[in-house]
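There are 2 protein chains.
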Amino acid sequence: MSLEIFPLLAALAALAVAAISARAVLREDQGSPRVREIAAAIQEGASAFLRRQYTTIWVVIIIISLLLFFAPGWGWQASLIYIGGALSSTAAGFIGMSMAVRANSRTATAARSGISKALKVAFRGGLVMGMSVVGVGLLGVFLCFLWLGNPTLILPYSFGASTVALFARVGGGIFTKTADVGADLVGKVEKGIPEDDPRNPAVIADNVGDNVGDVAGMGADLFESYVASTVAAMIVGLVTYGSNGVLLPLLISALGIVASIISVPFVRVRKGKNPSYALNTATIVSVIVTAIFAILISSYIFGWGIGWNLFVAVLVGLISGLVVGLTSDYFTNNIRRPAQLIAESDQSGTAIGILTGFSFGLISTFLPIISIAAAAVIAFIAAGFYGICLAGVGMLAVTGIVVASDAYGPVADNAGGIVEQSGMPEKVRKVTDSLDSVGNTTKAICKGFAIGSAALTAVALFATYQEISKVSSLDLLNPSVMAGVFIGAGVVALFSALVILAVGRNAFKMVEEVRRQFREIPGLMKGKAKPDYARCVDIATKGALKELMVPGVLALLMPIVVGLVLGKAALGGFLAGSIITGLIFGLLMANAGGAWDNAKKYVEMGHFGGKGTPTHAAAVVGDTVGDPFKDTAGPSLNILIKLMSMVALIAVPMLLM
Amino acid sequence: MSLEIFPLLAALAALAVAAISARAVLREDQGSPRVREIAAAIQEGASAFLRRQYTTIWVVIIIISLLLFFAPGWGWQASLIYIGGALSSTAAGFIGMSMAVRANSRTATAARSGISKALKVAFRGGLVMGMSVVGVGLLGVFLCFLWLGNPTLILPYSFGASTVALFARVGGGIFTKTADVGADLVGKVEKGIPEDDPRNPAVIADNVGDNVGDVAGMGADLFESYVASTVAAMIVGLVTYGSNGVLLPLLISALGIVASIISVPFVRVRKGKNPSYALNTATIVSVIVTAIFAILISSYIFGWGIGWNLFVAVLVGLISGLVVGLTSDYFTNNIRRPAQLIAESDQSGTAIGILTGFSFGLISTFLPIISIAAAAVIAFIAAGFYGICLAGVGMLAVTGIVVASDAYGPVADNAGGIVEQSGMPEKVRKVTDSLDSVGNTTKAICKGFAIGSAALTAVALFATYQEISKVSSLDLLNPSVMAGVFIGAGVVALFSALVILAVGRNAFKMVEEVRRQFREIPGLMKGKAKPDYARCVDIATKGALKELMVPGVLALLMPIVVGLVLGKAALGGFLAGSIITGLIFGLLMANAGGAWDNAKKYVEMGHFGGKGTPTHAAAVVGDTVGDPFKDTAGPSLNILIKLMSMVALIAVPMLLM
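If you're matching them up, the sequences are chains A and C in order.
Take 1 as the starting number for the first sequence in this note's numbering and just add one per residue.
Take 1 as the starting number for the second sequence in this note's numbering and just add one per residue.
Hints may contain errors.
Heads up, the list lumps identical chains together, so a pair's fine if it works in one copy or across two of them.
[Unchecked claim] As a list, the in silico DSSO-like pairs of lysine-lysine whose alpha-carbon atoms are at most 30 angstroms apart:
1) Lys611 x Lys191
2) Lys528 x Lys120
3) Lys120 x Lys191
4) Lys528 x Lys601
5) Lys470 x Lys120
6) Lys611 x Lys509
7) Lys509 x Lys601
Simulated from the structure, these hints should not be mistaken for lab results.
Construct all of the structure, not just a fragment, from the sequences and the given hints.
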């Protein structure tokens, strides 16, 4: 068997696993009519969001593909491949999300038979997403390469994925927090009805939001990183080692898929062990297996000497991915000191709780920064720019299992919502609550992983930028490079602010609508009338897409403006500035947000007086501040830094004119 | 008259103006015995802080001067000059602060005769500080140069000023917020007594804190920037244009002093005009006069062609200083939209208010970043690295008047406190309130100016670093440079977090002490017994110095560690990373903090329901979050980026070994 065909086989294997898992999930009991009804509403809402989003996306995709058609250095192939990238990302997201919204009712029903069964269903639901992302991603890259033969020409594929990610992740992030804040502010605070109560008109939008943000958004985000890091390594690999240099990243991605599949059976609840143990074991197994595969394949292709060096690059990528993820876990998990200290400081008042969470968020950035910097330096020493790209490929090789663990979270969360809304017994809710709390941990780890991998991908794209733009140096002593760094850093700050303000504005509209429905629909509060769920979903969707406009245009245009006005060296500096600040703000927002969330949960577990105390009130404010931090602005920065790097790469031929 | 002697004359003129202003202030009426008593307590507290601080500072100064004595490339002259720099900064701070704490009671008394008289006394009190900073600074640089003849050898003078600034600004920042939070949490919140009530044991510490942070701290901060930017320009000037290149920055600083003195008479209240108009007019006059002087002197020395280019560099520095200051004013002043929108958003709850303020803080960073980047690029195009240094000199030329306007703020603030504590009539309090509100604006402008000038100074030191370290390039494509950038950015995040957490811990101790006094001193609440003010001052002081340890050591050691482990190119990247992130976080924290503060004041003016509403409660939380942002962490970053640059410069000979 020729090695060249192996990536294709691995991609198909991933899709096969996705299909098998999907069938297994769909065969599960859908539950009582009430459960089916709620699940149908969520599915409907999710489809409504996707339909409207796709309508808008495709307008943008077509405009950009036309621009690519006429752009210097590109042409009709680029247009087609760009559309292909957008389609692939959309397809992966669509499959994953469709499955997630179907797995939730089945998980809720399975929860009646205990935690082990429920975990299996929920995880399989997430696995469909994880395997779709890596399967479709690798397949797309492989086919594009088969067609065009030159990795640089595959960049538009990755750019297409970036464009979709902008909508899915940033738009999805605005959507999910709009719905969440709208549901909580009127439902919990003003009307005093519980979370996930079916009388709340925004409850379906809120459930949809979990899927939109954490499944479709996260999937599109990591799809983009996965594709971009592979393509970047292929481009630099071609220059460094010819066709073998192109082959290696494809093979490592393929072997990462195999490793992820091997690790799946490790996801089972052992007696007396926390379910998070099962998920973490699977991730660690896949990392170890990938590392073993990597040393074998790289020494097979390149011989022991060079092979070892290339392996080191892959390994540091894998390790720094773990470090970033575990740091996020440490700083957000409420079995650890930071979240507990935040809860403790909430006793001294809201402001102190906010300040403490913010400070720990800042501190949480340090170790990941050092580990990514160290990975880049070691990988470079081992194998030059190619090594840096391989570190990215290594980190992302285990994307399949990481996304599966992450997408599991919203399935469990939604299952809990369905249990609540359909009035199942308390002990079933306990099972879903326990699954949900694990989901929070895996979500935090995955968020850290997403940011870390976005940063490393952006660094790899940066390495690619020097390769294809032929800048001889990006010297900080050249003031236009320095100015570029300043502007790149500034754009990150501006973009985050725009996104946070967008949530505020949009949530305001949602609050108005929910209030209106409670006021105008007779019998709603008594549960005798059904609220208009669809309208709330619609408001969140429309608002998210509208609010996306300004930050989206900013992200797409700034690299071109900087490149045209200050030149390609300044553009390199711009990318560097945006990567560094994006990494810091991304980690700060994700980790502070997660820590506030879990500090609140820690108080709700009965610490420091528990619910109903001023301490709890303070913790709730922290959680609300943290929501758009961790679910909107933070993840949006992943997209921003990759998208701007990608735009820069696409714009290079224009700058060389 | 030889031009060389002119800086000396200007420095002496500044000191003469300081002396005359001081005499004029001291001749004013000290007021009633009660006023004198309160003022004496503040003076005592301030002296207690300074005494204890100096004891600690001098231990550190002596250790570092011994290290310098044995350090490669330095020696006994460096030790001496270092001590001289520390002494000079201390002297300027001591004079300024002594005068500020004497001007407050006299301003309070003068307020009985109306606003015009009170403004004059308060401004004169601030002017002593402003003129001391520039007078002592320029005199010190001039004398060092006269002695050693080589500008590079004057660096330790600037390093000495940096060391003092670390204590005065970071330690002072922790002190002032400890006292503020302690006084407010127990006094206003728990006991329900008004602000500045003499029964509050922490009230004197709070008043002392205003002087410690905003007078002594700001003075030491700008003293450092002033000296460092002048020395940096002299070093690079010598390489570029020989002795004329050394002379020009000295002359521009000297002419800036003259321009500041010329602008002083413009500080008078015109009928129907806001007093802030008077202060802003003075600043703008001094900028224009400095610009005119700059074009005359540079074309006189260098001829029209080169002279014009050098003038352009000075001019862009002056302009970007104005832009940064005015942007801070726009985003924090509550006659503008941002602060009003924050107040409005407080209606939707605490979290939304926090998020809105944070977002505007982020947005407020963009224009200053662009303007500083543009200034650097234009100055470089006009005159190379020398141009960048001259931009710094230009921006800081008007330091005298800016510090005077800033130091005026705490004088007016304290005067208001004295009016309250001594029970003067309501209409006197109105006068001091109006002065105080102007003080808040000038403080915001000066904070922006301090950050902007710190960033530009750090950029100038960066230019000096490349000059004396002989790095041929700081190429971002060199991963160790890139790693340096990452680590430099990370240190800023870590440092900010440590400082914010320090305030929390220290404030907690203060709260305990204030509670203890209310509990254990009989008759305190009824005003029949005097609280133990000195103990509160002592707790804030000790705590501040203790908490300073970890961040201080971090700032001093990190550049050396990075330089030794990763090399001098990485150290250059480290400085760049810290400057960019420091600028963004510094502006974010200062402006968000100022905006929350003024949003609260806007609500207190009666908007959105005014005091006692949930909106006001939300605004108060925002203000409390903003306090350590704007008065501790934000300003501390100015010190951090300059101090780390200075340590790098001092460490260069070690790295070249």
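Okay, the hints, checked on the actual structure:
When the C-alpha separation of Lys611 and Lys191 is checked against a cutoff of 30 angstroms, the pair qualifies both within a copy, at 17 angstroms, and between copies, at 26 angstroms. Proximity of Lys528 and Lys120 under a CA criterion of 30 angstroms is satisfied in neither setting, with 36 angstroms inside one chain copy and 71 angstroms between copies. For a Cα distance limit of 30 angstroms, the shortest separation of Lys120 from Lys191 qualifies neither inside one copy, at 36 angstroms, nor across copies, at 56 angstroms. Proximity of Lys528 and Lys601 under a CA criterion of 30 angstroms is satisfied in neither setting, with 32 angstroms inside one chain copy and 46 angstroms between copies.
Taking the shortest alpha-carbon separations for Lys470 and Lys120, neither the intra-copy value of 51 angstroms nor the inter-copy value of 62 angstroms comes in at or below 30 angstroms. Within a single copy, Lys611 and Lys509 get their C-alpha atoms as close as 29 angstroms, and across copies as close as 27 angstroms, so both meet the 30 angstroms cut-off. Both within a single protomer and between protomers do Lys509 and Lys601 lie at most 30 angstroms apart by alpha-carbon distance, with minima of 28 angstroms and 27 angstroms respectively.
The structure fails hints 2, 3, 4 and 5 (numbered hints given earlier, in ascending order).
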